[in-house]
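Novice: Chains as they are written, first to last, in my numbering: chain A, 1 to 116; chain W, 1 to 141.
Among the clues, some could well be false.
[Stated by the list, open to error] Footprint (simulated), chain A over chain W, 3 or more residues, beta carbon under 8 Å: (1) 9-15; (2) 29-41; (3) 89-103; (4) 108-120.
It is worth saying that the hints were derived from the structure and are not from the lab. Everything numeric in this text was worked out from a predicted model, so none of it was measured. For every residue, glycine included, the Cβ atom is placed at its ideal position computed from N, Cα and C.
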Amino acid sequence: MITIADIVSNLNSSVLAGSDKLQRPVKGAYASDLLSDVMGKAREGELWITMQTHKNIIAVASLKDLSAILIVNGGKPDEDTLATAQSEGVVILGTEARSFSTCGRLYKLMEGDALV
Amino acid sequence: MKFEYLIEGGDFIRAGHASSDIKKILNQLNLDPAIVRRIAVSMYEAEVNVVAHAFRGVMKVNINPERILVLVEDEGPGIPDIAQAMQEGYSTASDKVREMGFGAGMGLSNMKKNTDILDIHSAINRGTVVKMTTFTKSGAS
Ligand SMILES: Nc1ncnc2c1ncn2[C@@H]1O[C@H](COP(=O)(O)OP(=O)(O)OP(=O)(O)O)[C@@H](O)[C@H]1O
Ligand SMILES: [Mg+2]
Numbered sequence: 001m002i003t004i005a006d007i008v009s010n011l012n013s014s015v016l017a018g019s020d021k022l023q024r025p026v027k028g029a030y031a032s033d034l035l036s037d038v039m040g041k042a043r044e045g046e047l048w049i050t051m052q053t054h055k056n057i058i059a060v061a062s063l064k065d066l067s068a069i070l071i072v073n074g075g076k077p078d079e080d081t082l083a084t085a086q087s088e089g090v091v092i093l094g095t096e097a098r099s100f101s102t103c104g105r106l107y108k109l110m111e112g113d114a115l116v
Numbered sequence: 001m002k003f004e005y006l007i008e009g010g011d012f013i014r015a016g017h018a019s020s021d022i023k024k025i026l027n028q029l030n031l032d033p034a035i036v037r038r039i040a041v042s043m044y045e046a047e048v049n050v051v052a053h054a055f056r057g058v059m060k061v062n063i064n065p066e067r068i069l070v071l072v073e074d075e076g077p078g079i080p081d082i083a084q085a086m087q088e089g090y091s092t093a094s095d096k097v098r099e100m101g102f103g104a105g106m107g108l109s110n111m112k113k114n115t116d117i118l119d120i121h122s123a124i125n126r127g128t129v130v131k132m133t134t135f136t137k138s139g140a141s
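Produce the entire structure from the sequences given, and follow the hints as far as they go.
Specialist: Written as structure tokens, this is what we have:
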């Protein structure tokens, strides 16, 4: 199973919070910008791909035990949000790339794992 | 064990605070992580609904070995038609709230799916009471 570190090195993304937790496994991924959709459909241990940057993404990721958040389109949460992520143990990655290409590259990277 | 949290309408910065706090407490009790996650999801949705749709509210959590009881009472506009509100996709969320990624109209159905017993009462122009019961052992009911 791939880890967050594999995603950082293969997807041209940077670590915005939680740099001490990059060995965490990534079991799959879910892409959505609607918080209650993620609450309902994302699974434990998955990576969440979104363009949302406001503070509530931390609660969603931590309540659902998601592996990490990957913010696309160069979006950056504010300092307060990043500090909260760090203290709650939530990993946030960022990429300049858009959602579609990010998902495509990630899918290729994970194809060996049982994707559902 | 009993816990109580105040929830302020419109305060999206703090939304989820009560749920996160309770989740930490539940994790310390060595409950099945899957059950803790279900409770976390339903609590969060109820908490955010107060923030997004009501003026203020209080969340009371009562934990005993057999079940977790979450009671969320708010002062607010109330829900005129609960059956309609329960439908996935139905939302009266404002544009501002939708921009933040809320307003998919899935919160109530997430609560339904993630609790063993969901009970909602509402009075128009007064407020809404949401009662959620989750049993600690899957299968028990
Ligand atoms: N506590 C409440 N007070 C008043 N109205 C409510 C309350 N909770 C829910 N509603 C009404 O029920 C609708 C559906 O709620 P639901 O949680 O399913 O979706 P939402 O909050 O609009 O969006 P989402 O939860 O997907 O972000 C709301 O749009 C609102 O009209
Ligand atoms: Mg809702």
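Novice: Hints first: check each against the structure and report whether it holds.
Specialist: Hint check:
{"no.": "1", "hint": "9-15", "verdict": "holds (count 3)"}
{"no.": "2", "hint": "29-41", "verdict": "holds (count 5)"}
{"no.": "3", "hint": "89-103", "verdict": "holds (count 4)"}
{"no.": "4", "hint": "108-120", "verdict": "holds (count 3)"}
This entry satisfies every hint, going by the numbered hints stated previously.
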